Structures are given as C-alpha cells and as structure tokens.
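Participant: Sequential numbering of the sequence shown, starting at 1, is according to full-length UniProt numbering.
Worth flagging that the hints you see were computed from the coordinates, not collected in a lab. A portion of the hints provided could be inaccurate.
Simulated pairs of lysine-lysine, DSS-like, Cα-Cα distance not exceeding 27 Å [unchecked claim]:
1. Lys234 <-> Lys250
2. Lys269 <-> Lys250
3. Lys173 <-> Lys250
4. Lys161 <-> Lys173
5. Lys234 <-> Lys269
6. Lys161 <-> Lys112
Every value quoted in this text rests on a predicted model; they were computed, and no experiment measured them.
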Amino acid sequence: MCGVSSPEFPKGDEEGGRTIPACGPLQGPQGRGYDPAQGHRHQLSSRRTGAMRNRISNTPDQPEGSPNGEMDLFTGMGDGLGPEHFGLTDTGRAYVVAGPFAKALGHRDADKATRLLDEEEKGTQIVGTPGGDQRVSVVYEEGIWRLIFRSNLPAARELTKRVTAILRELREKGVVDRRPQRELTRLELIDLARESELGRLAAARRVQELEPKAEAFDRFLTAEGDYAVGTVAKMLGIGQNTLFAHLRAKRVLITGGRRHNTPYEQHAKHFRVVARDFDIGETVRTGYTTYVRPSGIDLIRRLLQLPPGDAAA
Numbered sequence: 001m002c003g004v005s006s007p008e009f010p011k012g013d014e015e016g017g018r019t020i021p022a023c024g025p026l027q028g029p030q031g032r033g034y035d036p037a038q039g040h041r042h043q044l045s046s047r048r049t050g051a052m053r054n055r056i057s058n059t060p061d062q063p064e065g066s067p068n069g070e071m072d073l074f075t076g077m078g079d080g081l082g083p084e085h086f087g088l089t090d091t092g093r094a095y096v097v098a099g100p101f102a103k104a105l106g107h108r109d110a111d112k113a114t115r116l117l118d119e120e121e122k123g124t125q126i127v128g129t130p131g132g133d134q135r136v137s138v139v140y141e142e143g144i145w146r147l148i149f150r151s152n153l154p155a156a157r158e159l160t161k162r163v164t165a166i167l168r169e170l171r172e173k174g175v176v177d178r179r180p181q182r183e184l185t186r187l188e189l190i191d192l193a194r195e196s197e198l199g200r201l202a203a204a205r206r207v208q209e210l211e212p213k214a215e216a217f218d219r220f221l222t223a224e225g226d227y228a229v230g231t232v233a234k235m236l237g238i239g240q241n242t243l244f245a246h247l248r249a250k251r252v253l254i255t256g257g258r259r260h261n262t263p264y265e266q267h268a269k270h271f272r273v274v275a276r277d278f279d280i281g282e283t284v285r286t287g288y289t290t291y292v293r294p295s296g297i298d299l300i301r302r303l304l305q306l307p308p309g310d311a312a313a
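Input sequences plus hints: build the corresponding full structure.
Facilitator: And the structure:
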C-alpha cells in the first residue's frame with residue numbers, strides 16, 4: 001500500500017494520517033531500493049494493510065437504509081425501476097418491461113439496448129399501465145442477466161441484487177407484494193383463518209362433485225388407457241363432430257384424405273390411432289380410428305381455452 005494515507009497509523013502528517021513512503025522493488029537488505037531505516041515500516045504497513053483488507057472484504061454488504069442487511073425491494077435508487085415492472089408469462093417465464101430496465105442500466109433508448117439481445121431473449125407482453133392494458137416490449141430473464149453483465153455502471157451490482165430478490169419473490173408467490181409489512185390484528189387473523197377454512201370446504205365439495213363423474217368416465221377407458229373422441233367430447237360438454245371440427249381447425253387433426261381425423265406428427269404422442277381393414281366389394285380399404293390419451297385431454301382443453309374443471313364436468 002504505497003503513497004496513501006490511512007487513519008490506521010499514528011498521527012503525523014496532514015489530516016491525522018501518515019503517508020506511507022513510496023515503495024520500490026524490495027530485494028533484500030542489500031538489494032536495490034531497500035531502505036534499512038524504513039524496512040520495518042514497510043513490513044508493518046503491509047501487515048496493517050492486510051488486516052484492513054481482510055476486515056473490508058469480510059464486511060457483509062448492506063443496502064443503504066437496511067440496517068439488518070435485508071434487501072428492500074421498494075427503496076428506489078432513483079433509476080425508476082420497481083417491482084411493478086416485472087412479471088411472469090403464462091408459462092412461468094420471468095420478464096421485465098424494457099423501457100424502465102434499459103433506463104436503469106443507463107441506456108437512453110430501450111430499442112438500442114434490446115438490439116444487443118437475441119430474439120428469444122426479448123419480446124412483447126400485455127401489461128397493466130396507468131392508461132390501461134397495453135402491449136409493451138419486454139426483456140426475458142436470459143436477456144435481463146445479459147444486459148446487466150454487459151453494464152459498466154457502478155450501480156449494476158446493486159441492481160443485480162434487486163433483480164434477484166424480485167424474481168425470487170415472483171417465483172415463490174407469483175407476485176411481488178409492495179404493501180408495507182405490518183403485524184396483523186386479531187380480527188384480521190380470524191378473517192384469514194375463516195377465509196382459508198371456507199376455501200378448504202369449497203374445494204372438498206368440488207372434489208366430491210367431480211369424483212362420481214370422473215369414475216363414470218373411467219368406465220369408458222380402453223384397455224390401452226385412452227378414450228374415444230366421442231367420450232372426450234362428452235367430458236367437455238360439446239358434440240363429437242364439433243370437437244373434430246375444432247381439432248381440424250387448430251391443425252391437431254388432418255383434414256381430408258385417407259388420414260382424415262388422425263393427428264399430425266407433432267401431436268401424435270397425445271393420441272393413439274388404430275388401423276382397420278374392411279372390404280368394399282372386391283376392394284380392401286383401410287380405415288383409421290383416433291383415440292385420445294390422457295395428455296391429449298389437457299391439450300384439447302388448452303386449445304379450446306377451457307378451465308381445468310371443465311374436462312371432467
């Protein structure tokens with residue numbers, strides 16, 4: 001530690017610190033650059049400097065305004081980026097609104113910042129804004145870290161901590177609760193317990209309602225563990241022909257030709273197709289019957305945008 005002042009040393013030079021003599025290469029008692037009169041001072045300063053360095057490196061980082069070292073997600077750093085700018089897609093993929101995030105990283109133009117990313121690292125999402133729901137540019141989690149790691153801003157390290165904490169809470173709770181934390185009153189605790197019990201009872205009743213229906217449809221399972229399309233249509237509360245039409249329109253099943261109403265290759269794992277030969281006069285024709293596997297029921301429900309309970313109602 002050469003040519004710097006430190007309050008660790010006795011008072012002597014200006015401002016109560018002693019200036020450590022400029023250090024040259026040390027090559028031993030007779031070596032060039034070694035000052036016998038100052039040798040002990042070099043060694044002492046090295047030990048003290050090392051102790052200081054260890055104390056500094058072992059001091060846990062504590063965000064400003066957080067005496068316990070806990071991450072305060074809601075204490076802004078003046079960059080305009082907050083938990084409300086983060087979200088999860090329907091598939092659980094984390095994202096941040098590109099504009100505020102780019103500004104927090106020192107970019108004036110969000111479009112220029114996102115040009116640094118691959119196409120799969122960015123996109124658009126519909127998010128709530130003061131002007132209503134709008135489709136805005138977003139950066140997905142992979143792109144979030146890429147832009148942070150590319151940043152030379154001193155605040156990038158603190159931003160990393162904030163983003164990590166926000167994403168962790170999003171995954172655990174599905175939302176970042178920005179309300180100030182306070183101790184609940186006895187009445188509030190009673191209300192919470194009551195709501196929880198009512199929810200449990202409602203769920204139990206729903207299970208009791210669905211169990212007989214599920215058992216009834218289980219009787220229609222084939223030996224291979226799948227269902228006829230007509231049975232699935234009844235589960236969903238629609239007609240068989242309507243279901244076939246929907247699946248053809250969604251390009252799940254083939255339209256026309258010898259493979260009419262059989263699945264396309266990309267959806268084949270959700271169905272089972274049985275080929276049967278039949279005679280028409282002197283001609284032998286092959287017909288195909290499509291069955292739906294359990295995973296196919298969930299696929300159909302998603303394509304028709306039906307809630308999970310409707311598959312057994």
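Participant: State for each hint whether it applies.
Facilitator: Status of the hints after comparison with the structure:
1. For the hint linking Lys234 to Lys250, the alpha-carbon distance of about 19 Å falls within 27 Å, and the restraint holds.
2. For the proposed pair Lys269 and Lys250, the alpha carbon gap of about 16 Å is at most 27 Å, so the pair holds.
3. Under the criterion of a C-alpha separation no larger than 27 Å, the hint pairing Lys173 with Lys250 is inconsistent with the structure, at around 33 Å.
4. Taking the CA atoms of Lys161 and Lys173, the gap is about 18 Å. The hint holds against a cut of 27 Å.
5. At most 27 Å may separate the alpha-carbon atoms for a hinted pair to count; Lys234 and Lys269 meet this at roughly 22 Å.
6. For a cut-off of 27 Å, the pair hint linking Lys161 to Lys112 stands: about 24 Å separates their Cα positions.
Of the numbered hints stated above, the single one contradicted by the structure is hint 3.
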